[in-house]
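Colleague: Sequence:
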Amino acid sequence: MSVYEVGLATQGRLVDGLSARALGFMFTGCGVVMLLSQSLVFRPRHDPLRAFAWVAPSFVATAAGLALLAWLGGRWPSALGLVLVAAGGGVLQPALVYWTSRAAGPAEATGLGWRASFTSAGQALGSLAGGFAFAATLVGKIALATLLLTLLAAAMLALARRRAPAGLPLSVSTQER
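Sequence positions in the sequence shown follow our numbering and run 1 to 177.
Heads up, some of the hints might be wrong.
Pair by pair, the computed Cβ-Cβ distance ranges are [claimed, not checked]:
(1) G105 x D47: 18 to 24 Å
(2) L36 x Y98: 16 to 22 Å
(3) L138 x R43: 42 to 48 Å
(4) S101 x G31: 20 to 26 Å
(5) S39 x L80: 19 to 25 Å
(6) I142 x S19: 15 to 21 Å
(7) G24 x R45: 34 to 40 Å
In short, the hints are calculated from the structure, not lab data.
By construction, the Cβ of each residue, glycine as well, lies at the ideal position given by its N, Cα and C atoms.
Could you build all of it, start to finish, from the sequences and the hints given here?
Modeller: Rendered as structure tokens:
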């Protein structure tokens with residue numbers, strides 16, 4: 001997500017000439033889209049296994065949104081890219097936290113600690129990559145292409161493991177939370 005955030009702010013400011021106010025409204029819109037996508041996927045009394053089925057499509061939506069933002073530009077492609085990335089991120093983040101805590105079992109605190117560490121490292125690397133990815137240079141295009149391929153590989157891995165993440169039962173009571 002940090003690649004997207006840094007890249008979007010950079011592109012919005014440098015390429016599209018957006019003001020700080022317009023960027024603020026844009027990120028507010030991202031937050032609203034994330035909340036809407038979460039409310040559609042994570043409803044009360046939902047089947048927790050259903051959330052894992054949304055991981056692969058969320059990776060694909062994020063990759064498609066980043067591609068739209070990077071290569072098409074313009075008001076409507078950028079808006080669609082923004083919606084796709086925000087919707088994908090809105091589902092990915094809570095779903096992966098949920099599955100990390102479920103898979104950790106008795107070592108839940110340790111598992112969540114590792115997840116927080118990896119998240120921090122990912123945000124730092126993502127911010128660095130975002131600065132390169134949305135630059136109009138060969139290095140930027142290579143960085144963005146690498147990121148998109150990584151997201152698609154993650155989606156394929158999630159589809160391959162669609163049954164249930166390692167360590168989780170195939171049926172989970174909706175009363176367990």
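Colleague: All hints, please: hold or fail.
Modeller: Now for the hints, and whether the structure bears them out:
no.: 1; hint: G105 x D47: 18 to 24 Å; verdict: 20 Å, holds
no.: 2; hint: L36 x Y98: 16 to 22 Å; verdict: 18 Å, holds
no.: 3; hint: L138 x R43: 42 to 48 Å; verdict: 45 Å, holds
no.: 4; hint: S101 x G31: 20 to 26 Å; verdict: 23 Å, holds
no.: 5; hint: S39 x L80: 19 to 25 Å; verdict: 20 Å, holds
no.: 6; hint: I142 x S19: 15 to 21 Å; verdict: 31 Å, violated
no.: 7; hint: G24 x R45: 34 to 40 Å; verdict: 36 Å, holds
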